[in-house]
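There are 2 protein chains.
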Amino acid sequence: MTTTIAVDAMSGDRGTEVTVPASLSILRKDKALKLLLVGDVEKIKEELGDYSDVAQRVEIQAASEIVEMDEPPALALKKKKDSSMRVAIDMVKAERAQAAVSAGNTGALMATSRFVLKMIPGLKRPAICGELPTLSGHVRMLDLGANVECGPDMLRQFAIMGSVLASEVDGIEEPSIGLLNIGAEDIKGSEVVKQASKLIADSGLNYHGYVEADEIYSGRVDVIVSDGFSGNVSLKTSEGVAKFIMGVMREEFAKNLITKLVALIALPIMRAAGMRMDPRRYNGASLLGLRGTVVKSHGGADVLAFECAITDAAKQAKMSVPDRISAAVERQLESFESQTSS
Amino acid sequence: MTTTIAVDAMSGDRGTEVTVPASLSILRKDKALKLLLVGDVEKIKEELGDYSDVAQRVEIQAASEIVEMDEPPALALKKKKDSSMRVAIDMVKAERAQAAVSAGNTGALMATSRFVLKMIPGLKRPAICGELPTLSGHVRMLDLGANVECGPDMLRQFAIMGSVLASEVDGIEEPSIGLLNIGAEDIKGSEVVKQASKLIADSGLNYHGYVEADEIYSGRVDVIVSDGFSGNVSLKTSEGVAKFIMGVMREEFAKNLITKLVALIALPIMRAAGMRMDPRRYNGASLLGLRGTVVKSHGGADVLAFECAITDAAKQAKMSVPDRISAAVERQLESFESQTSS
Numbered sequence: 024m025t026t027t028i029a030v031d032a033m034s035g036d037r038g039t040e041v042t043v044p045a046s047l048s049i050l051r052k053d054k055a056l057k058l059l060l061v062g063d064v065e066k067i068k069e070e071l072g073d074y075s076d077v078a079q080r081v082e083i084q085a086a087s088e089i090v091e092m093d094e095p096p097a098l099a100l101k102k103k104k105d106s107s108m109r110v111a112i113d114m115v116k117a118e119r120a121q122a123a124v125s126a127g128n129t130g131a132l133m134a135t136s137r138f139v140l141k142m143i144p145g146l147k148r149p150a151i152c153g154e155l156p157t158l159s160g161h162v163r164m165l166d167l168g169a170n171v172e173c174g175p176d177m178l179r180q181f182a183i184m185g186s187v188l189a190s191e192v193d194g195i196e197e198p199s200i201g202l203l204n205i206g207a208e209d210i211k212g213s214e215v216v217k218q219a220s221k222l223i224a225d226s227g228l229n230y231h232g233y234v235e236a237d238e239i240y241s242g243r244v245d246v247i248v249s250d251g252f253s254g255n256v257s258l259k260t261s262e263g264v265a266k267f268i269m270g271v272m273r274e275e276f277a278k279n280l281i282t283k284l285v286a287l288i289a290l291p292i293m294r295a296a297g298m299r300m301d302p303r304r305y306n307g308a309s310l311l312g313l314r315g316t317v318v319k320s321h322g323g324a325d326v327l328a329f330e331c332a333i334t335d336a337a338k339q340a341k342m343s344v345p346d347r348i349s350a351a352v353e354r355q356l357e358s359f360e361s362q363t364s365s
Numbered sequence: 024m025t026t027t028i029a030v031d032a033m034s035g036d037r038g039t040e041v042t043v044p045a046s047l048s049i050l051r052k053d054k055a056l057k058l059l060l061v062g063d064v065e066k067i068k069e070e071l072g073d074y075s076d077v078a079q080r081v082e083i084q085a086a087s088e089i090v091e092m093d094e095p096p097a098l099a100l101k102k103k104k105d106s107s108m109r110v111a112i113d114m115v116k117a118e119r120a121q122a123a124v125s126a127g128n129t130g131a132l133m134a135t136s137r138f139v140l141k142m143i144p145g146l147k148r149p150a151i152c153g154e155l156p157t158l159s160g161h162v163r164m165l166d167l168g169a170n171v172e173c174g175p176d177m178l179r180q181f182a183i184m185g186s187v188l189a190s191e192v193d194g195i196e197e198p199s200i201g202l203l204n205i206g207a208e209d210i211k212g213s214e215v216v217k218q219a220s221k222l223i224a225d226s227g228l229n230y231h232g233y234v235e236a237d238e239i240y241s242g243r244v245d246v247i248v249s250d251g252f253s254g255n256v257s258l259k260t261s262e263g264v265a266k267f268i269m270g271v272m273r274e275e276f277a278k279n280l281i282t283k284l285v286a287l288i289a290l291p292i293m294r295a296a297g298m299r300m301d302p303r304r305y306n307g308a309s310l311l312g313l314r315g316t317v318v319k320s321h322g323g324a325d326v327l328a329f330e331c332a333i334t335d336a337a338k339q340a341k342m343s344v345p346d347r348i349s350a351a352v353e354r355q356l357e358s359f360e361s362q363t364s365s
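These protein sequences, in sequence, are chains A and B. Throughout, my numbering is defined as the position within the first sequence, counted from one, plus 23. Throughout, my numbering is defined as the position within the second sequence, counted from one, plus 23.
There may be inaccurate statements among the hints.
No distinction is drawn between identical chains; accordingly, a pair holds when it is met within one copy or between any pair of copies.
Stated by the list, open to error - EDC-like cross-link-like pairs, simulated, lysine to aspartate or glutamate; straight-line CA separation at most 16 Å: (1) Lys-217 to Glu-172; (2) Lys-211 to Asp-93; (3) Lys-283 to Asp-53; (4) Lys-52 to Asp-76; (5) Lys-338 to Asp-53; (6) Lys-141 to Glu-196; (7) Lys-54 to Glu-82; (8) Lys-211 to Glu-172; (9) Lys-211 to Glu-94; (10) Lys-54 to Asp-36; (11) Lys-66 to Glu-353; (12) Lys-217 to Glu-262; (13) Lys-141 to Glu-118; (14) Lys-141 to Glu-197; (15) Lys-338 to Asp-237; (16) Lys-104 to Glu-91; (17) Lys-102 to Asp-301.
What the hints contain is simulated information worked out from the structure, not anything from laboratory work. Given the structure is predicted, the values throughout are model-derived calculations rather than measurements.
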């Protein structure tokens with residue numbers, strides 16, 4: 024069965040220059056994929072070049088506007104009804120695509136997705152869920168920045184959504200859930216985190232309790248739940264630390280002729296190590312909680328990274344993640360009702 | 024002039040095994056330093072061995088109790104009045120020492136310091152300020168976990184305290200201050216962060232606005248202000264990422280005979296790089312806002328790391344950091360009053 028993904032072709036720092044080559048590349052690899060490229064038809068066609076080999080699986084959908092990276096979400100939602108972002112999400116709503124991918128303005132993407140697709144009943148707010156590497160595989164973490172302030176019940180909902188994603192897309196049975204806190208002891212942490220911990224513990228999920236941020240990359244749990252502020256701080260800190268460590272390495276290896284020679288010899292090993300940690304391979308964060316699949320790519324994504332975001336969207340679309348989340352939320356509600364009525 | 028530091032000799036995962044050798048080592052390097060070793064006299068003496076060369080600069084102060092790492096702070100404060108931690112802080116209060124160093128329970132150290140030494144007038148809560156490496160030097164960041172929830176005015180106070188520390192101890196004129204947020208745009212972030220930004224901008228400090236967590240290690244600013252939850256998440260994430268990257272490197276270099284050989288050749292360079300990032304060299308976080316200097320060492324500190332914490336305390340004591348913070352707070356109040364009365 025074919026999966027159709029709507030691609031916001033105008034999004035990201037480099038627009039069609041990245042989105043179109045990435046689309047062509049993934050189409051050539053995945054024969055069961057169909058893409059709807061949304062945006063400026065002329066620009067898209069120009070970038071497509073000769074695509075006769077995949078032409079039956081490409082459709083171009085015109086959209087006359089572009090949401091700017093620094094545009095206030097509410098304004099984008101109100102004024103730009105023919106933006107490439109909006110039209111891509113409309114395609115999902117109209118069931119012409121099973122998922123949308125955009126490298127655009129996160130806030131606008133959130134607001135537009137929520138407005139067009141609506142939330143799954145029982146869920147309050149969408150969360151951004153990302154994939155991070157660990158020594159033994161990877162971990163899913165949410166929220167990475169959609170919700171600056173989160174109450175205990177929102178954190179419980181994130182736990183459910185993350186659990187579904189890890190079980191459906193990663194194939195993990197009963198994924199283990201950790202709640203981000205600043206101390207493993209019960210006495211630490213904010214009131215919100217403490218209350219959320221109780222709610223998640225009662226939710227029937229495979230809850231492992233608090234995790235501290237130094238355990239994120241240890242692979243101790245499959246899913247990490249946090250509010251959007253801390254989640255985003257953690258994600259961005261990781262990028263900064265990785266850059267810093269690589270910077271120091273580079274300086275030390277560039278010190279003199281001998282160190283440069285050693286660098287040359289060590290290069291293939293360093294490259295192999297770099298590959299395993301390559302953030303491009305983890306590009307593509309899921310907007311969970313919506314009645315449709317939307318994946319957010321990093322704005323600065325290159326072709327490889329944007330390709331990964333499309334692949335991620337295709338996987339989620341195939342596994343009908345929104346339906347699974349909806350079912351999980353219903354089960355939770357039923358079990359809660361049977362508990363309170365008994 | 025001699026500086027006297029009170030050392031909680033029983034603190035940390037390994038107690039006197041680490042604190043006493045570290046004390047001896049730093050005494051042999053810094054002839055202007057005097058140490059008060061606080062704790063179990065027998066154990067301290069046993070660990071001291073032959074210390075005749077520095078004996079005039081060592082004093083042992085008996086304390087019969089130890090605060091456990093997982094002991095609730097309020098309980099430690101109430102019940103253990105003769106703990107090594109409490110007595111070390113008492114020494115500062117009694118002006119027998121200019122600073123105290125402990126690798127013990129952070130919460131108990133905070134509560135005890137606050138109870139014994141009191142806050143500087145005009146400041147609400149102490150903050151934990153740490154030093155982190157950057158490519159060009161280092162950055163000071165606070166709060167790293169003392170205050171889970173922080174209002175806008177607390178964040179402004181942290182900015183003042185961090186600025187004083189960076190100017191007095193690091194010798195930076197008008198240190199640049201950044202406020203941790205999840206987006207550089209004005210529209211992002213919580214209400215608290217937005218309000219804090221306005222307060223800091225009006226404070227007369229060298230305020231550079233918002234910084235995202237990926238800029239912490241870039242050295243863009245000298246001081247980073249955040250609430251204790253995000254600050255701790257960022258700090259712990261950094262530890263986790265560093266461990267993860269080193270783990271991947273180790274695995275790749277250990278893959279086969281050839282990679283192991285390359286590792287051997289690259290070892291001195293990797294070691295030089297490692298030295299520059301060595302967290303032990305950055306051990307010692309300052310508890311700022313108190314009427315005395317207290318430095319918290321990592322619980323798992325080894326001899327070198329604990330030595331760094333003592334050095335840090337000595338520097339702050341020499342520069343009378345609490346007095347400088349007090350003066351800065353007064354200046355702020357005066358300028359505020361003259362602004363409102365004009």
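Results for each hint:
1. Taking identical chains as interchangeable, the C-alpha atoms of Lys-217 and Glu-172 lie at most 16 Å apart whether they share a chain (15 Å) or sit on different chains (13 Å).
2. For a Cα distance limit of 16 Å, the shortest separation of Lys-211 from Asp-93 across copies, 10 Å, qualifies, whereas the shortest one inside one copy, 37 Å, does not.
3. In this assembly of identical chains, Lys-283 and Asp-53 lie within 16 Å of each other by CA distance neither inside one copy nor across copies; the values are 41 Å within and 38 Å between.
4. In this assembly of identical chains, the alpha carbons of Lys-52 and Asp-76 lie at most 16 Å apart only when taken from the same copy (12 Å versus 74 Å across copies).
5. Only within a single protomer do Lys-338 and Asp-53 lie at most 16 Å apart by alpha-carbon distance; the minimum there is 11 Å, versus 62 Å between protomers.
6. Within a single copy, Lys-141 and Glu-196 get their C-alpha atoms no closer than 28 Å, and across copies no closer than 53 Å, so neither meets the 16 Å cut-off.
7. When the C-alpha separation of Lys-54 and Glu-82 is checked against a cutoff of 16 Å, the pair qualifies only within one copy, where the shortest distance is 15 Å, while the shortest distance between copies is 78 Å.
8. In this homomeric assembly, Lys-211 and Glu-172 come within 16 Å of each other (Cα to Cα) only across copies, at 12 Å, whereas the closest approach inside a single copy is 19 Å.
9. For a Cα distance limit of 16 Å, the shortest separation of Lys-211 from Glu-94 across copies, 12 Å, qualifies, whereas the shortest one inside one copy, 38 Å, does not.
10. Proximity of Lys-54 to Asp-36 under the C-alpha cut-off of 16 Å is found in neither arrangement, the shortest distances being 28 Å within a copy and 58 Å between copies.
11. When the C-alpha separation of Lys-66 and Glu-353 is checked against a cutoff of 16 Å, the pair qualifies neither within a copy, at 44 Å, nor between copies, at 61 Å.
12. Proximity of Lys-217 and Glu-262 under a CA criterion of 16 Å is satisfied in neither setting, with 28 Å inside one chain copy and 24 Å between copies.
13. Taking the closest pair of Cα atoms, Lys-141 and Glu-118 come within 16 Å of each other only inside a single copy of the chain (14 Å); across copies the shortest separation is 64 Å, beyond that limit.
14. Taking the shortest alpha-carbon separations for Lys-141 and Glu-197, neither the intra-copy value of 27 Å nor the inter-copy value of 50 Å comes in at or below 16 Å.
15. Within a single copy, Lys-338 and Asp-237 get their C-alpha atoms no closer than 29 Å, and across copies no closer than 29 Å, so neither meets the 16 Å cut-off.
16. For the identical chains of this complex, Lys-104 and Glu-91 are intra-copy neighbours only, at 13 Å inside a copy versus 61 Å across copies, given an alpha-carbon limit of 16 Å.
17. In this homomeric assembly, Lys-102 and Asp-301 never come within 16 Å of each other (Cα to Cα): the closest approach is 37 Å inside a single copy and 52 Å across copies.
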